[in-house]
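Please model the complete structure; the sequences and the hints are all you need to start from.
Residue numbers (this note's numbering), protein chains in the order written: chain A, 1 to 221; chain B, 1 to 289.
Check the hints yourself; a few may be wrong.
[Said to hold, decoys possible] In silico BS3-like cross-links for lysine-lysine, where the CA-CA straight-line distance does not exceed 30 angstroms: (1) K93/A with K141/A; (2) K141/A with K56/B; (3) K194/B with K135/A; (4) K23/A with K93/A; (5) K93/A with K56/B; (6) K239/B with K224/B; (7) K135/A with K56/B; (8) K56/B with K23/A; (9) K224/B with K194/B; (10) K135/A with K200/A; (11) K141/A with K200/A.
Since the hints were made in silico from the structure, they are not lab data.
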Amino acid sequence: MIRIDGQLVSPGAGGVYNERMVKGYRVWDPFRSKLAALCMLDETIDLTPSMRVLYLGAANGTTVSHVADYVEVVYAVEFAPRPLRDLLVVAEKRENIVPIAGDATRPDRYAPFLEEVDLLYQDVAQPDQAGILIKHLPFLKRATSGPDEVSGPEQVSGGAGGPTAILMLKTRSVDIRMTPEEVFSGTVERLREAGLLIHKTCWLEPYHHDHAAIVCGIGDR
Amino acid sequence: MEYWCGSVDSEGVFRPREGTPHELLLAVQSTETDMQAFSPLTEDLIMQSGVFPDRKEYIRRLREVMFHHAALVLADAVSGRDAELLQMVRTLDQMDEAINLLSERVIEWYLVTNPSFSQKGRKGSIKRVLPRIRRTRSRPLRGMADQLEGLAAARTALAADVSRLAGRVIPNTSELVGGLVAARIMARAGGLRKLASMPGSSVQVIGAEAALFSHIRIGSPSPKHGIIFQHRRVHNAQKGVRGRVARLLAAKIAIAARIDFFRGEPDEAFLRDANGRIDLAAGGSHDQN
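This is the structure we're talking about:
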């Protein structure tokens, strides 16, 4: 991740959504983007040039455009027609964004267009946010295996650097009768049951209220 | 296993698929994917297929297909007969808001030019006061009043248009609650498809979201009616049966919306039965009271 004077930035042509520029880099505002907020709060999160990303809930493509600045390719899934229009405009200018007009609760409808990815990013604010993430686990690369796996034990534990899934949990969209904390612990429990290893969790205060980020890796199954 | 650029048979042999973006899209959409057994494309598969000289070309071709797909999805989203009606209702409601706000302001303004004027006893729409305001000495105020009258006329015309279009697009729902209310319910639901897939209980409280969520959260009394209260059979019903009428009417609207969505033609038999039942619920207990 590139930081200039403590600000998160991304390399790429500006003018996507009137974002500020600093020294030729696009400023990535943590108050607008949940992923930027997570990167501000957790410095171990990284996007690398070889990464392939499946981004669920691309909306109008602002965060997607920043991710695309860092990685090889972003598969950006969005369902609602209005934001989809904006997303297409962003994707036209960035050749490593593959826009997918699809409903994230029905991955079977667009599965044939996807490939294995290194990062699965779930930002669809639906009641079943964990379920949507779990449905997309088949697209996440398995942790490195096969003959060329001779790396140390830290790899086996699925530490940072391996295939990662990030859930941006909007607790208010899950169930308004439960407190954010209850929703959060329930969600973590569900992800564990689905065989995910929880690497890290954090609330996105002060940037976004009642939002939590859950960073997971894939288990040994 | 089917992929957009080819398929893998049971022996693991990749068979490439060629064609225009549209043909590739159709080929994939005609097959169903079982997520339980699915394994996604891998870089090895893509490169071994021999169809694409490099990654760049793969992504370029895939993007062609996906842009084409997105264009079709977008075209479909606005092709529904309800799309324009939806915008018209929302415009109408916003015009009401704007007219009300401006009217209040213009009346305040008029009070300055005519201190003895009081609105007491002049209840009703701005229309009653406007002729008076237009005779004021203040030229700017007269200009504003003229504009306001123009807006009110446009509003009336739009309401008639909404009603007429609703009668064609959602004939059954319109027949039950009138075109205007029917169109408002549909707009609030987010379109005819959404309304048609809603249970009657949701239709009943559309437009009463604040009351509904406060009911769910802190247990205040549940709302009996939202937008459907605007229909005379609900708001004219006696208090004791109003909830019952609202519930029955909402259930019938839910059915009517499905007929509108799937058939799009008035169903006389359904309408006769539904109207009869609703009138019975509204009037039936009149006799008992």
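Hint check:
1. In summary, the hint linking K93/A to K141/A is supported, as the alpha carbons are separated by about 28 angstroms, within the 30 angstroms threshold.
2. This hinted pair checks out: K141/A and K56/B have alpha carbons roughly 20 angstroms apart, not beyond 30 angstroms.
3. For the suggested pair K194/B and K135/A, the alpha carbons sit about 24 angstroms apart, so the restraint of at most 30 angstroms is met.
4. Our distance criterion of 30 angstroms between C-alpha atoms is met by K23/A and K93/A, whose separation comes to about 21 angstroms.
5. As the CA atoms of K93/A and K56/B are separated by approximately 15 angstroms, the hinted pair is consistent with the 30 angstroms bound.
6. In summary, the hint linking K239/B to K224/B is supported, as the alpha carbons are separated by about 11 angstroms, within the 30 angstroms threshold.
7. A C-alpha spacing of about 28 angstroms is found between K135/A and K56/B, which places the hinted pair at or below 30 angstroms, so the restraint holds.
8. In summary, the hint linking K56/B to K23/A is supported, as the alpha carbons are separated by about 29 angstroms, within the 30 angstroms threshold.
9. In summary, the hint linking K224/B to K194/B is supported, as the alpha carbons are separated by about 21 angstroms, within the 30 angstroms threshold.
10. Distance hint between K135/A and K200/A is fulfilled; the C-alpha atoms sit about 21 angstroms from each other, no more than 30 angstroms.
11. For the hint pairing K141/A with K200/A, the CA-to-CA distance comes to about 19 angstroms; that is within 30 angstroms, so the pair holds.
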